[in-house]
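Student: The primary structure of each chain is shown beneath.
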Amino acid sequence: MTIRSATAAPQPVCRFLPAGDTGLTVEFGDVIDEHLNRLVVTFDRQVRQADIPGVIETIPSYRSLLVLYEPQVIGAGALTDRLRALVPDHPDDQKDIRRWQIPVTYGGAYGMDLDFIAKSHDLTTGDVIALHSGALYRVYMIGFAPGFSYLGGLPAALRTPRRADPRLTTPAGSVSLGGEQAAVSSLELPSGWHMLGRTPVRTFDLRRDRPFLLDVGDLVRFVPVGAAEFERLDTLAASGEIVAEFEVTR
Amino acid sequence: MIDALIIGDPGPFATIQDLGRHGYQRFGVPVSGAMDGRALRLANRLVGNDEAEAGIEFTLVGGRYEVAAERCRIAVIGDFDLSIDGKPAATCRAHDLERGALVTIGGSPRWVRGYLAVAGGFDVPLVLGSRSTHTRSRLGGIDGQTLRAGQLLNLRAPAPSGSPCMLPSRSLMPDDRPIRVIFGPQQDHFSDRAAGQFLTNTYQVNPRSDRMGYRLDGPPIAPLGDYNIVSDGIAPGSVQIAGNGRPILLLADRQSTGGYPKIATVISADLPRLAQFRPGQEVRFIAVSLDQAAAIADQARNAFNRLCDKIAPLPANRPGDAVPLGVNPISGVAAGAAGDGDYDGE
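In the order they appear, the protein sequences are chains E and W. Following the numbering used here, the numbering of the first sequence begins with 66 at its first residue and continues without gaps. Following the numbering used here, the numbering of the second sequence begins with 5 at its first residue and continues without gaps.
Hints were generated in silico from the structure; no laboratory data involved. For clarity, every value in this text was computed on a predicted model and none was experimentally measured. The C-beta atom is built at its ideal place from N, Cα and C for all residues, glycine as well. Hints are supplied without guarantee of correctness; some may be wrong.
To be verified - Here are some, though not all, of the chain E residues that point toward chain W, as calculated from beta-carbon distances under 10 Å:
id, residue
1, G88
2, T90
3, D95
4, V96
5, D109
6, E122
7, L133
8, P136
9, G142
10, P153
11, G208
12, P211
13, L279
In isolation and in its complexed conformation, chain E is listed as follows (with noise of 0.2 Å):
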């Protein structure tokens, strides 16, 4: 996987996949870009509000759109025909955006890999933590397991290959990073990815109104707590709190 910069923005040309005789996949892309990610977004949203009859949801991802459909109901032609005409030619202006701040406690038993990570890149852990929670990152996808948010912004210097062995179990709440990704977690799962801490909030709560905290788009800045401040903030997530914080800025 590559990242391009900023500056070099794809051209919105996509391709219409089939993915079955129920699936069509919107393809921006094949990279992991801000700009792509975007565009997909807007799209997703495009689809939607447009209520197609026949579609049964839309999947956004780094790269592209699947959006489910019965055919029965629309079939995959007048479906492309119909998607074609929504497809953006550049993402929306970016209005009402979401930027969450969430508290981790990073090392020891809530993130074991963070000692790892510092060596692997000769860096102090303070150093690791300063760069982790001084990046701003942006919700690509969720995706893997209900609520598990996909983050990009991971500075460069964190960058880490994945574990050769993957891990069978990791504690809900991991903040982590594998490749140049970052990542929330929401419930205890395997992964490869190297676990750097943990948060309090639950990304994933059946008990809310709206049971998924983060959406694709929105930002996200890591705030470090100590452990005692991990505790008391678990104990109100327990109980059905959010307790991480957003503003919307337009």
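Following the hints, put chain W in place on chain E, whose structure we already have.
Tutor: Coordinates of chain W only, in the frame set by chain E:
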């Protein structure tokens, strides 16, 4: 008193499933739902339910249930050994049972996944609009887990009055003919030769296969470039080529996104057929076009509708178990079923 089914033994792997949890894949929530949606829909129709109602999906062996209700109407789909109070009973028809009745569901010569539906449905909470169980993320069903001995499955409604219904055939045999695929979405990650190999290879279903995916054993296929792609959405039936070059068929419990190239996708009409493939069973693929797939889907839908039209109340004077053997209504390929086939068009 609460009306319920008591689980004596749920068999090796049983879960509550309906037709799936749609609309939340954008948040990473898998669809899940019945592996053999046609069989669950038939079971529901036999007991007078909406066909999307949740039932029990069991695997290889159905187990034992006891009726803890004044009256209860059930149906089992699949050619499994069924007995009620120790007496052999027919599947593919509804049975009215009284308090204390014991339902025992054994194995089947050909079926892997069977369905037990109860009139009125089970009192299982809706989670994000569905009762389907996704065990990996612990969503839906009973605490998001497989059914356990000793649990009570509460019933939402009393048994309906009127004669129970039957299908005019108990011969709903699974078949092992090739699985039809449409190439893509990442066909261009493979050479024409590799795509050809995929169609000529014979694969076996690896025993480490489950509701999430079937791993296939067979000659490996190499992509042109990297085994990894930038993750994108996964459609039902996606044929992913993993790092070892072996295909994985991504089924009901599949993750919503993934980072391996998908050489092809199984057509929707053949997903219920795959539900009945056993570990070790041979799998071959043939490619169809989108137009052919649309025609096949139409035929499958028409065949299913004709089958449903044949569901009728049991004649009052019939013991009910002596149901005539008929054509193969699910796949519609038996002699005399010309035009019923969902398998034409390749």
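Student: All hints are to be evaluated individually against the structure, with a verdict given for each.
Tutor: Results for each hint:
no.: 1; hint: G88; in the structure: holds, 3 Å
no.: 2; hint: T90; in the structure: holds, 4 Å
no.: 3; hint: D95; in the structure: holds, 6 Å
no.: 4; hint: V96; in the structure: holds, 6 Å
no.: 5; hint: D109; in the structure: holds, 8 Å
no.: 6; hint: E122; in the structure: holds, 5 Å
no.: 7; hint: L133; in the structure: holds, 7 Å
no.: 8; hint: P136; in the structure: holds, 6 Å
no.: 9; hint: G142; in the structure: holds, 8 Å
no.: 10; hint: P153; in the structure: violated, 18 Å
no.: 11; hint: G208; in the structure: holds, 3 Å
no.: 12; hint: P211; in the structure: holds, 5 Å
no.: 13; hint: L279; in the structure: holds, 9 Å
Consistency note: the structure conflicts with earlier hint 10 alone.
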